[in-house]
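Position chain B relative to chain A; hints supplied.
Each chain, written out:
2 protein chains.
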Amino acid sequence: MAKAPDFQTWTGLVRARVEEALVRALPAAGIAPERLHAAMRYATLEGGKRVRPLLAFAAGELAAAAPERLDVVAASIELIHAYSLAHDDLPCMDDDALRRGKPSVHVEFDQATALLAGDALQSLAFQLLSDTRLSESVEAQLEMVNTLAHAAGSRGMAGGQAADLASTGKTLALPELEFMHIHKTGALIRAAVALGASCGNLDAGERERLDRYGKCVGLAFQVVDDLLDAEASTATLGKTAGKDAKQGKSTYVSVLGAARAKAFAEELRADCRAALSPFGERAIRLKELADFIVLRKF
Amino acid sequence: MAKAPDFQTWTGLVRARVEEALVRALPAAGIAPERLHAAMRYATLEGGKRVRPLLAFAAGELAAAAPERLDVVAASIELIHAYSLAHDDLPCMDDDALRRGKPSVHVEFDQATALLAGDALQSLAFQLLSDTRLSESVEAQLEMVNTLAHAAGSRGMAGGQAADLASTGKTLALPELEFMHIHKTGALIRAAVALGASCGNLDAGERERLDRYGKCVGLAFQVVDDLLDAEASTATLGKTAGKDAKQGKSTYVSVLGAARAKAFAEELRADCRAALSPFGERAIRLKELADFIVLRKF
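First to last, the protein sequences are chains A and B. For the first sequence, our numbering begins at 384 and goes up steadily by one. For the second sequence, our numbering begins at 384 and goes up steadily by one.
Hint data in this document are derived by calculation from the structure and do not stem from the laboratory. Honestly, I wouldn't trust all of these hints.
If chains are identical, the list can't say which one is meant, so a pair holds when it fits in one copy or spans any two.
In silico SDA-like links for lysine to any residue, alpha-carbon gap of 20 angstroms or less [what the hints assert, rightly or not]:
{"id": "1", "residue 1": "Lys553", "residue 2": "Asp493"}
{"id": "2", "residue 1": "Lys485", "residue 2": "Leu610"}
{"id": "3", "residue 1": "Lys553", "residue 2": "Ala415"}
{"id": "4", "residue 1": "Lys553", "residue 2": "Glu417"}
{"id": "5", "residue 1": "Lys553", "residue 2": "Arg418"}
Here chain A stands alone, though its shape is the one from the complex:
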């Protein structure tokens, strides 16, 4: 058996696969309505760390899932993520002109196109998830649709975004902050792990352990995001830095202070490892991803 590639090689391979899957999934720029399709492609392709797709692949590989299925699941989740960014950057929301080092969708196109592109990206995610067979049982695949819809909706990502807006200018207590982040970022990250795993074969106990990992890694991602927003530069991030403080938002840094926020991220990383430990070497990529998420600089 060939030696497994190192983490960096692996992430490069997965990112390239997912980029191809997204290119295949998105309507070609020449198909009408052309401007909408151009905006959908602009919002999605050539950018981002692809954290959610990496998590879906890592969980799927642990579950011995076919890579062709993981392509589809990873692309679906990334479409939801891309839609949320296009909408979040709109003037009536975070009003941000820069994303992934490029002008935001509404700056490059216009607000109406950014709105519709986001709407259509969400639809496309569910279309993709119901286009081809992705799981051993059709029941399980319908459950995958349900999981993604729940994660994206008002008690998932969109709800977290609403809580975020409502909190602007207020000082949140830690439980409120955690509620917001578990929904805003955590729900979709958790779904990425669950959906990747659903493409393969795991028993209920194994799925539950992975779900615990998904919850911890999602929260860790947001704690580190708060730290980076406070400490890194716009050039490094490829999005506007220092935005949280400027907008008077409560973050893990504003509520806990940077030192305790860092310690909390480390705690969550340890929780991730604990959830994975029964899997041994099979969970290597998930472990590496938790390290990457907590130790990243962008």
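Below, chain B alone, put in the same frame as chain A:
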């Protein structure tokens, strides 16, 4: 056997069922995030003609589907419709302050909340469609998810909306106008008929005939909408009248003139009847709905 209720009684019964199904499907106003859930309910409940739910029920009754399944399907489609209205009324789109005789969602709440409510309503539609068993086979249900996603997306409703925006201030030729309307309004109406039918049992030929009906009735709906926008009053419509002309939009009235637009709507009504004729009395509600759609005054 009890005599079937007349059309008006039937629409009243179906609308009441669908309202209850929507109330059940939407998160209660007391669940966090409360403002978002209030906006979702405001956008959806107590308003609208419920044309798409009526079509889903009519097609489903023809296919001998269980009403409990039709409740869910009709609610899913209406959630997609309600989301599209909340987004269409935003200032960056049609900028309309009045909808269903009430202030638009962004006027009653705010733009960010209207945006997120629309986003979350779309997610909820797919959640609902994957929550409970809706068809004899799970494969058919997954296909229903696919049909709705396609109808809502960039080559369906969202794409038609983009074409509409792109056409503002231009004079469209009839084929371009038809492309726009078939997508903007037609796709979701066609899906309503298809999804209702999928809850029951029909053979491929019957489903194809219903699909022909769905296409014609969807286009007829839009032709009449154009006529009403040009001729009815704001008070009667419950939304701003005369908007198309003011915004320099091509409509069936501006391209064909009112008389030929009316004749075209009548032609489509005849096409609807022709598609239904092999079903005989089983298609009574669909036939009545085509009449209602073409002859309505609001």
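Tested hints:
1. Within a single copy, Lys553 and Asp493 get their C-alpha atoms only as close as 31 angstroms, which misses the 20 angstroms cut-off; across copies the closest is 18 angstroms, which meets it.
2. In this homomeric assembly, Lys485 and Leu610 never come within 20 angstroms of each other (Cα to Cα): the closest approach is 22 angstroms inside a single copy and 44 angstroms across copies.
3. For a Cα distance limit of 20 angstroms, the shortest separation of Lys553 from Ala415 across copies, 17 angstroms, qualifies, whereas the shortest one inside one copy, 45 angstroms, does not.
4. For a Cα distance limit of 20 angstroms, the shortest separation of Lys553 from Glu417 across copies, 17 angstroms, qualifies, whereas the shortest one inside one copy, 42 angstroms, does not.
5. When the C-alpha separation of Lys553 and Arg418 is checked against a cutoff of 20 angstroms, the pair qualifies only between copies, where the shortest distance is 16 angstroms, while the shortest distance within a copy is 39 angstroms.
Violated hints amount to a single one, hint 2; each of the other numbered hints is respected by the structure.
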